[in-house]
Amino acid sequence: MDRSKTAFPRRPFFTPGGAKVPHRKHTASSESVIMPSPEEVIILMQQHIGAPCKPCVSAGDRVYVGTVVGDTDNYVSAPVHSSVSGTVKKIDKVTLPSGAKSDAVFIESDGQDTPDPDIKPPKADTLEEFLTAVRAAGLVGLGGAGFPAHVKLNVPKDKEIDTLIINCAECEPYITADHREMLENSWAVMSGIYAVTELLGIDRVIIGIEGNKPDAIRVMKEIADNEKYDPKDKVRVLTLKSSYPQGAEKVLIKACTGREVPAGKLPADAGCIVMNVASVAFISTYLKTGMPLVKKRLTIDGSAVKNPQNVIVPIGTPISKVMEFCGGYKEEPRKLLMGGPMMGLALIDDSLPVLKQNNAILAFGEKEARLEDESACIRCGRCVSTCPMRLMPTKLCEAVKLRDFDKMKKYQINTCMECGSCSFACPAKRHIAQTIRLGKNMLRQEQNKQKGDK
Amino acid sequence: MNKMYASSSPHIRATASTRKIMLDVIISLVPAAIASVVYFGWRALSLCGVCILTCVVTEYLCRIVMKRDQTIGDLSAVVTGLLLALNLPSGLNPLIAVFGSVVAILVVKQMFGGIGMNFVNPALAARIVLMVSFPTAMTTWTNTAFQSVDAVSSATPMAAPAGTYSYLDLLIGNHGGSMGETCALALVLGGIYLVVRGVIKPTIPVVYIGVVGLLSFVLGQDPVVAVLSGGLLIGAIFMATDYTTSPVTPWGKVIYAAGCGVLTVLIRTYSNNPEGVSFSILIMNILTPLIENMTAPRPFGSKKSKEGAK
Numbered sequence: 006m007d008r009s010k011t012a013f014p015r016r017p018f019f020t021p022g023g024a025k026v027p028h029r030k031h032t033a034s035s036e037s038v039i040m041p042s043p044e045e046v047i048i049l050m051q052q053h054i055g056a057p058c059k060p061c062v063s064a065g066d067r068v069y070v071g072t073v074v075g076d077t078d079n080y081v082s083a084p085v086h087s088s089v090s091g092t093v094k095k096i097d098k099v100t101l102p103s104g105a106k107s108d109a110v111f112i113e114s115d116g117q118d119t120p121d122p123d124i125k126p127p128k129a130d131t132l133e134e135f136l137t138a139v140r141a142a143g144l145v146g147l148g149g150a151g152f153p154a155h156v157k158l159n160v161p162k163d164k165e166i167d168t169l170i171i172n173c174a175e176c177e178p179y180i181t182a183d184h185r186e187m188l189e190n191s192w193a194v195m196s197g198i199y200a201v202t203e204l205l206g207i208d209r210v211i212i213g214i215e216g217n218k219p220d221a222i223r224v225m226k227e228i229a230d231n232e233k234y235d236p237k238d239k240v241r242v243l244t245l246k247s248s249y250p251q252g253a254e255k256v257l258i259k260a261c262t263g264r265e266v267p268a269g270k271l272p273a274d275a276g277c278i279v280m281n282v283a284s285v286a287f288i289s290t291y292l293k294t295g296m297p298l299v300k301k302r303l304t305i306d307g308s309a310v311k312n313p314q315n316v317i318v319p320i321g322t323p324i325s326k327v328m329e330f331c332g333g334y335k336e337e338p339r340k341l342l343m344g345g346p347m348m349g350l351a352l353i354d355d356s357l358p359v360l361k362q363n364n365a366i367l368a369f370g371e372k373e374a375r376l377e378d379e380s381a382c383i384r385c386g387r388c389v390s391t392c393p394m395r396l397m398p399t400k401l402c403e404a405v406k407l408r409d410f411d412k413m414k415k416y417q418i419n420t421c422m423e424c425g426s427c428s429f430a431c432p433a434k435r436h437i438a439q440t441i442r443l444g445k446n447m448l449r450q451e452q453n454k455q456k457g458d459k
Numbered sequence: 002m003n004k005m006y007a008s009s010s011p012h013i014r015a016t017a018s019t020r021k022i023m024l025d026v027i028i029s030l031v032p033a034a035i036a037s038v039v040y041f042g043w044r045a046l047s048l049c050g051v052c053i054l055t056c057v058v059t060e061y062l063c064r065i066v067m068k069r070d071q072t073i074g075d076l077s078a079v080v081t082g083l084l085l086a087l088n089l090p091s092g093l094n095p096l097i098a099v100f101g102s103v104v105a106i107l108v109v110k111q112m113f114g115g116i117g118m119n120f121v122n123p124a125l126a127a128r129i130v131l132m133v134s135f136p137t138a139m140t141t142w143t144n145t146a147f148q149s150v151d152a153v154s155s156a157t158p159m160a161a162p163a164g165t166y167s168y169l170d171l172l173i174g175n176h177g178g179s180m181g182e183t184c185a186l187a188l189v190l191g192g193i194y195l196v197v198r199g200v201i202k203p204t205i206p207v208v209y210i211g212v213v214g215l216l217s218f219v220l221g222q223d224p225v226v227a228v229l230s231g232g233l234l235i236g237a238i239f240m241a242t243d244y245t246t247s248p249v250t251p252w253g254k255v256i257y258a259a260g261c262g263v264l265t266v267l268i269r270t271y272s273n274n275p276e277g278v279s280f281s282i283l284i285m286n287i288l289t290p291l292i293e294n295m296t297a298p299r300p301f302g303s304k305k306s307k308e309g310a311k
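Chains A and B are the protein sequences, given in the same order.
Counting in our numbering, the first sequence runs from 6 upward without gaps.
Counting in our numbering, the second sequence runs from 2 upward without gaps.
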């Protein structure tokens, strides 16, 4: 590969579209607070993309912090662990926000937080050992998607990877968990990067940070540009434009390398691996201690939260307990979000537990929660000019309304990543992203039906 | 914990709204409206009032008759009324203005489904209907208050022999013409406001005006006169940029505006009509869906724009 392709970019490459979302990073300058273990945690068996785990403990079993409580033989999955020490109370079904039901292990804490005695630093001298260890750690993409990390890191042999991109864009409003990760855990980020790149043989690492986090850029630059911490000079920081969705995988790859991941393909097809900053930092800690993924830094914010802050919580803590820890609600919450306001999932109550891939829980009061009514499309074209995938949401919505599958395919509905920029920008307040999401589902069903007919 | 909103993402929206956009358009037309009052007196203001009122009332009644949600609150009818008024001669019989307003809202806008559904610009279509129906009344231009010529009806710069008006007269609007189209400065000021507020992109006005200037120059006409006179500025800045009837794609806007420019010069030069802005925009309005289909941007990560998914 020629040098120009692997040189570090001085400034980000052009990325199309993008919405000017408000930042609302209220919690950026306050240090994360560690939340003590709650009396009970609920460990869901489905905290990743892929096959759900099966509980491997039963009621009455004694568990410790880091004990595996659920696993499966399926490769695309990640085991789940107890985040407290105590006793398994029951195994029961929990309704997920999507409406699906998942098994969950309810564990009563003894308040001791005793680590599992079997925990020891994993052996990770070869790539194979490393990938096995990453899976055993239960690591999934911590940026929100929850894709099992060992699958992502297990690059097919025929793909040549030259760049590891560390995703610190954090383009969603409110969320500052990654921002705090960089400030509070910078050494771990760097050592995690080195662990991954040495084993995968990658020589170029780009840490992409949105320009609205100058302190994080400074801190990461100090480390990345220091010979002591980056002896091979393979890590550089790239300041990205503060524009939503800068942290979306395909957009980030374009901004950092100028390459477009082909439609329907993976980052590896563009020679890249993208990892969230919290994920690499976790890898470093895990390799040193062997403690699997049992805690997560969350941004708790929104107009209904009394004390917005970043909290490090045991995974499985019910959201209601996290909210109590943050001083409770200062007004009746009318919308509860798992994730950011642009792509987060609205929950129906706060009894659900915190998941591995969560990075924020937002609670909105009436005023913030209520969306304005839709009015007629005035064809202003804002959805077209903000779409980071250069799609035409106007045409897609027409196609969905008419159930015109050919038109949906012609305008490449499946390239839509549902970032919500179109709905955000729409002056007529139309639910564009929702309509397209519906269309994608309709198309999938139609294609499955056609397959069934054949 | 009850009554949670469980809507689909995104959960926040930009502050822009149809109403705010229309309000910005109204604000951007204020300088031109003021200029028309300065040049043509209070008659101009009353004509604006007649058009706006008729448009709003027509829309209100239409929505009731059609049993649809009331839409006069989005202020688009006000914009149509104001735009139409500014495209009329100041001495026009108010009843003709009322007729034009009803045509704009009832026939062109509401019969096709209301805001966002009309295939041509309502104010523009109404102007053309009036020009065809009342050719004399629509081309009887009153002199401005400051013109030394004492005739009641004076020629517009488009119809006048070359050299009748100085560049300065054209720029500040001291010449005959429709109420709002005379003062170039006021129109450009409004255009700049719209661009700064993000209501329109500069593509369409810049390309349209540029093509007219260039082509007139090539055909041996004075490009400055070509740009500053007639309805070009009000057309390029306020009519051609109408969201509903112009392409949403970046290249579509360029082709559309260039088409407007070429047609304007051709009509001005080779037809019996001294003015071609209205017809040019009307024709390009009709071509908009075609242009848009041909200029769909290449989706991210795909090779050709017309390629089907997978």
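Heads up, some of the hints might be wrong.
With a straight-line Cα cutoff of 30 Å, these simulated DSS-like cross-link-like pairs (lysine-lysine) come out [said to hold, decoys possible]:
hint	chain 1	residue 1	chain 2	residue 2
1	A	Lys237	A	Lys164
2	A	Lys454	B	Lys4
3	A	Lys233	A	Lys246
4	A	Lys406	B	Lys21
5	A	Lys94	A	Lys59
6	B	Lys68	A	Lys434
7	B	Lys304	A	Lys406
8	B	Lys304	A	Lys445
9	A	Lys406	B	Lys68
10	B	Lys304	A	Lys59
11	A	Lys246	B	Lys304
12	A	Lys98	B	Lys4
Hint data in this document are derived by calculation from the structure and do not stem from the laboratory.
Hint check results:
1. A hinted pair counts as satisfied when its Cα atoms are at most 30 Å apart, and lysine 237 of chain A with lysine 164 of chain A qualifies at roughly 24 Å.
2. A hinted pair counts as satisfied when its Cα atoms are at most 30 Å apart, and lysine 454 of chain A with lysine 4 of chain B does not qualify at roughly 37 Å.
3. A distance of roughly 29 Å separates the Cα atoms of lysine 233 of chain A and lysine 246 of chain A; the hinted pair therefore holds under the 30 Å criterion.
4. With a C-alpha separation of about 27 Å, the suggested pairing of lysine 406 of chain A with lysine 21 of chain B holds against the 30 Å cut-off.
5. With a C-alpha separation of about 16 Å, the suggested pair lysine 94 of chain A and lysine 59 of chain A falls inside the 30 Å cut-off, and the hint holds.
6. This hinted pair checks out: lysine 68 of chain B and lysine 434 of chain A have alpha carbons roughly 22 Å apart, not beyond 30 Å.
7. Simply put, lysine 304 of chain B and lysine 406 of chain A have alpha-carbon atoms about 27 Å apart, close enough for the 30 Å limit, and the pair holds.
8. Of the supplied pair hints, the one linking lysine 304 of chain B and lysine 445 of chain A holds, its CA atoms being roughly 21 Å apart against a limit of 30 Å.
9. Pair hint lysine 406 of chain A plus lysine 68 of chain B holds up; C-alpha atoms about 22 Å apart against a cutoff of 30 Å.
10. Restraint check: the Cα-Cα separation between lysine 304 of chain B and lysine 59 of chain A comes to about 43 Å, which exceeds 30 Å; the hinted pair is violated.
11. For the hint linking lysine 246 of chain A to lysine 304 of chain B, the alpha-carbon distance of about 26 Å falls within 30 Å, and the restraint holds.
12. A threshold of 30 Å between alpha carbons decides the hint, and for lysine 98 of chain A with lysine 4 of chain B the separation of about 23 Å falls inside it, so the pair holds.
Violated hints for the displayed structure, listed by number in ascending order: 2 and 10.
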